[in-house]
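Could you build all of it, start to finish, from the sequences and the hints given here?
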Amino acid sequence: MSHIKVELKKEDVAKIKEICKAFNNNPGELINVLHKAQSYFGYLPAEIQEVVAQELNIPVAKVYGVVTFYSFFTMIPKGQHPISICTGTACYVRGAEKVLDEFKRILSVSVGETTPDGKFSLSCLRCVGACGLAPVVMVGEKVYGRVSPDGVKDILKEYE
Amino acid sequence: MHMLVCGGTGCRASASDAIVETLKSELAAKGMENEVQVIMTGCFGFCEKGPIVKVLPDNTFYTQVTPADSAEIVAEHIVKGRKVNRLLYTDPENKQHISDSKHMGFYKKQLRIALRNCGVINPENIDEYIARDGYQAIGKVFEMGAQAAIEQMKKSGLRGRGGGGFPTGLKWEIASKNHADQKYVVCNADEGDPGAFMDRSILEGDPHSVIEAMTINGFCIGATKGLVYIRAEYPLAIKRLQIAIDQAREYGLLGKDILGSGFDFDMELRYGAGAFVCGEETALIHSMEGERGEPTVKPPFPAESGYLGKPTNVNNVETFANIPVIILKGAEWFSAIGSEKSKGTKVFALAGKINNVGLIEVPMGTTLREVIYEIGGGIKNGKKFKAVQTGGPSGGCLTEKHLDTPIDYDNLLAAGSMMGSGGMIVMDEDDCMVSVAKFYLDFTVEESCGKCSPCRIGNKRLFELLERITKGEGTMEDLDRLRNLSEVIKDSSLCGLGQTSPNPVLSTLDNFYDEYIAHVTERKCPAGQCKSLMQYVVDQEACVGCTACARNCPVNAIAGDRKKPHVIDTSICIKCGACIEKCKFNAISIQ
Numbered sequence: 094m095s096h097i098k099v100e101l102k103k104e105d106v107a108k109i110k111e112i113c114k115a116f117n118n119n120p121g122e123l124i125n126v127l128h129k130a131q132s133y134f135g136y137l138p139a140e141i142q143e144v145v146a147q148e149l150n151i152p153v154a155k156v157y158g159v160v161t162f163y164s165f166f167t168m169i170p171k172g173q174h175p176i177s178i179c180t181g182t183a184c185y186v187r188g189a190e191k192v193l194d195e196f197k198r199i200l201s202v203s204v205g206e207t208t209p210d211g212k213f214s215l216s217c218l219r220c221v222g223a224c225g226l227a228p229v230v231m232v233g234e235k236v237y238g239r240v241s242p243d244g245v246k247d248i249l250k251e252y253e
Numbered sequence: 013m014h015m016l017v018c019g020g021t022g023c024r025a026s027a028s029d030a031i032v033e034t035l036k037s038e039l040a041a042k043g044m045e046n047e048v049q050v051i052m053t054g055c056f057g058f059c060e061k062g063p064i065v066k067v068l069p070d071n072t073f074y075t076q077v078t079p080a081d082s083a084e085i086v087a088e089h090i091v092k093g094r095k096v097n098r099l100l101y102t103d104p105e106n107k108q109h110i111s112d113s114k115h116m117g118f119y120k121k122q123l124r125i126a127l128r129n130c131g132v133i134n135p136e137n138i139d140e141y142i143a144r145d146g147y148q149a150i151g152k153v154f155e156m157g158a159q160a161a162i163e164q165m166k167k168s169g170l171r172g173r174g175g176g177g178f179p180t181g182l183k184w185e186i187a188s189k190n191h192a193d194q195k196y197v198v199c200n201a202d203e204g205d206p207g208a209f210m211d212r213s214i215l216e217g218d219p220h221s222v223i224e225a226m227t228i229n230g231f232c233i234g235a236t237k238g239l240v241y242i243r244a245e246y247p248l249a250i251k252r253l254q255i256a257i258d259q260a261r262e263y264g265l266l267g268k269d270i271l272g273s274g275f276d277f278d279m280e281l282r283y284g285a286g287a288f289v290c291g292e293e294t295a296l297i298h299s300m301e302g303e304r305g306e307p308t309v310k311p312p313f314p315a316e317s318g319y320l321g322k323p324t325n326v327n328n329v330e331t332f333a334n335i336p337v338i339i340l341k342g343a344e345w346f347s348a349i350g351s352e353k354s355k356g357t358k359v360f361a362l363a364g365k366i367n368n369v370g371l372i373e374v375p376m377g378t379t380l381r382e383v384i385y386e387i388g389g390g391i392k393n394g395k396k397f398k399a400v401q402t403g404g405p406s407g408g409c410l411t412e413k414h415l416d417t418p419i420d421y422d423n424l425l426a427a428g429s430m431m432g433s434g435g436m437i438v439m440d441e442d443d444c445m446v447s448v449a450k451f452y453l454d455f456t457v458e459e460s461c462g463k464c465s466p467c468r469i470g471n472k473r474l475f476e477l478l479e480r481i482t483k484g485e486g487t488m489e490d491l492d493r494l495r496n497l498s499e500v501i502k503d504s505s506l507c508g509l510g511q512t513s514p515n516p517v518l519s520t521l522d523n524f525y526d527e528y529i530a531h532v533t534e535r536k537c538p539a540g541q542c543k544s545l546m547q548y549v550v551d552q553e554a555c556v557g558c559t560a561c562a563r564n565c566p567v568n569a570i571a572g573d574r575k576k577p578h579v580i581d582t583s584i585c586i587k588c589g590a591c592i593e594k595c596k597f598n599a600i601s602i603q
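Protein chains in written order, with the numbering used here: chain A, 94 to 253; chain B, 13 to 603.
Keep in mind the hints are simulated off the structure, nothing from the lab.
From the three backbone atoms N, C-alpha and C, an ideal C-beta is built for every residue, glycine too.
Be aware that a few hints might be false.
What the hints assert, rightly or not - Computed beta-carbon distance windows for the label pairs:
#, chain 1, residue 1, chain 2, residue 2, range
1, B, ILE602, A, GLU100, 52 to 60 Å
2, B, GLY274, A, LEU101, 37 to 45 Å
3, B, ILE255, A, GLY205, 45 to 53 Å
4, B, ASP503, A, GLY188, 34 to 42 Å
5, A, LEU101, B, ALA83, 35 to 43 Å
6, A, LYS246, B, SER504, 45 to 53 Å
7, A, SER201, B, VAL91, 53 to 61 Å
8, B, GLY267, A, LEU101, 37 to 45 Å
9, A, GLN147, B, LYS472, 45 to 53 Å
10, B, ASP278, A, GLY188, 41 to 49 Å
11, B, ALA30, A, GLU253, 22 to 30 Å
12, B, GLY176, A, GLU251, 42 to 50 Å
13, B, ILE586, A, GLN147, 47 to 55 Å
So this is what it looks like as structure tokens:
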């Protein structure tokens, strides 16, 4: 499990309880609860999972099992500008790997990590479905198409 | 007059929403905002040339439009009636402009049934769907009765478009015969196959067809509740589907006593959270129940015991999109299209090293050659065709010799691949097939749910073997091991993921054995892709000593005096290729 220790504030706990309540504290809605919680807090540290487990009356291990099963959920906070490189097949054959290597080189982080200043996080995703623009990179909600390794610097410059 | 602007994810990424805004403001400036309507539609399919703007009624098809082009389109085309030639599609052969999409190679051979409304209607307006015979099929089904409708589905020969190809009518019949106080209809919109985006495009471009089909399905099997399991990564599809559901409720097409038939049906969305295995129906159902998406042994089939233990019918988005048309036009009409055992059409996401990337729909039985060369416009940059991968991580790589195979479920299976959800990735001479197999195994290893050991451990071992081979450390025994292990994984895995995951390995072993041999015996990658097997060398004759390579080398691996030939220190070189790109004298090569 991640070693990040998080102190939840009173209002944070109240927010989690409110989310669970909106789904009638129904354990069958666990994934929907986690979606809502992640979109509010940005990530799902162990402390949040504990509150969810308590509210839905299920073991923490089950919540942890679900969080770690699905790639959409993360226990590490994302950077201010989350960068996702599409590594779907169409992007792969058009050179996504080289683009990814360039991001790794410039930012000095591996996939799944966040830069020490918290500005950028790097992750891979499987196909955003914009294969006509391959290789595709997303920064936050913005999609960049036909990215070349040379173009990586220019993308990062936009966020400096 | 109408101006249709593509609002699919691909075109929106190229600022198509800004095009809508600028077109509207240009029209307003000319006082024509009431005469010309600007509508954002779903995907036109021709993603390579996006963003697309189509002008009706003259069917002018503008390609690669930017917001800055809006003024000219309005001033020239709308006001003066003169087409803007520079934005028209240019035929790659005779260099003529083509203004009507009907005459383009990309569209000529297509037959759009599942995609009939994509790029034609505004998906956020139910009236436009109704104007195209929408919600008539449900009325017809109420009249003919559930049994007759199931008969029609069986006679049509429609098979599941999610990959397996199970006859849809039969699936419905089984679900209809199981009695329970509550039954469910589930739409599988968890499109996890990388490189396939047809389900997303249908939901973004024609969400009502899925809603109508699910209602028909509900009526036929006696289910009153529908659930759409959709990827959370598809925000636009989610938004448009939710709008469509709300509008259908408002019109009384969802809810209590639909069209006075006494039949109740309503639906809601469930979000996937990124797990490829959830495309398997039992895993999908567990995920909807809030569990880890792990598959279970069948039987019991979902038709018997599915969501919350109740009889459940699961169909894929594209399957559903076909249904209203089949009901309206009849089973005979549908079964006349396609090949002997695969009826109707199939949507393919054409991508990779091909000129016309996009979403296409062709009758079953069309050959790969027609798809790749006539619709797809051939290989990018005049390179040589090497392979086409169908069926995603569960499929295989087909070669030149398969090009004249008519595409249908059974032919693809016989050729060592599969239909899958319809991803079609074209590869050229620069792609290393061992690396491609490794790429897919990397995907499978990550996506295996871990429940059964053949898939969890076996695929990992396959990946390691492939990694050894691409590093030049493989042996001939490794090639035998690859094949044996692949057979074992196929035979002994629990669900479809493991049973098909070795296909990329087996099909590349079958079709590109030479390439594996070259990696193992000569320690060479014929395509020049495997970094460990490459060496960058400066041709001492051709090098003029301009120092461009040395200045651009990120790790200072190149040494040499000005105007004297340079040398690369291979122990430092990271093989990034920067030197080759910068060398103006073609003096650096990969060996």
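Verification of the hints:
Between ILE602(B) and GLU100(A) the CB atoms are about 54 Å apart, so this pair conforms to the stated range of 52 to 60 Å. The given range of 37 to 45 Å is broken by GLY274(B) and LEU101(A), whose C-beta atoms sit roughly 51 Å from each other. About 35 Å separates the C-beta atoms of ILE255(B) and GLY205(A), a value inconsistent with the hinted range of 45 to 53 Å. Roughly 36 Å separates the CB atoms of ASP503(B) and GLY188(A), a value that falls within the hinted 34 to 42 Å.
A C-beta distance of roughly 54 Å is found between LEU101(A) and ALA83(B), which places it outside the suggested range of 35 to 43 Å. A beta carbon spacing of about 49 Å between LYS246(A) and SER504(B) agrees with the range 45 to 53 Å that was offered as a hint. A C-beta distance of roughly 55 Å is found between SER201(A) and VAL91(B), which places it inside the suggested range of 53 to 61 Å. Separation of GLY267(B) from LEU101(A) is about 41 Å and conforms to the stated range, judged on CB atoms against 37 to 45 Å.
Take GLN147(A) and LYS472(B): their Cβ atoms lie about 36 Å apart, and the range 45 to 53 Å is violated. A hinted range of 41 to 49 Å for the beta carbons of ASP278(B) and GLY188(A) is consistent with their spacing of about 46 Å. The hinted window of 22 to 30 Å between ALA30(B) and GLU253(A) holds, with their beta carbons roughly 24 Å apart. Taken as a hint, the range 42 to 50 Å holds for the pair GLY176(B) and GLU251(A), whose Cβ atoms sit roughly 44 Å apart.
Judged by the Cβ atoms, the range 47 to 55 Å given for ILE586(B) and GLN147(A) holds: they are separated by roughly 50 Å.
In this structure, the earlier hints numbered 2, 3, 5 and 9 are contradicted, and the remaining ones agree with it.
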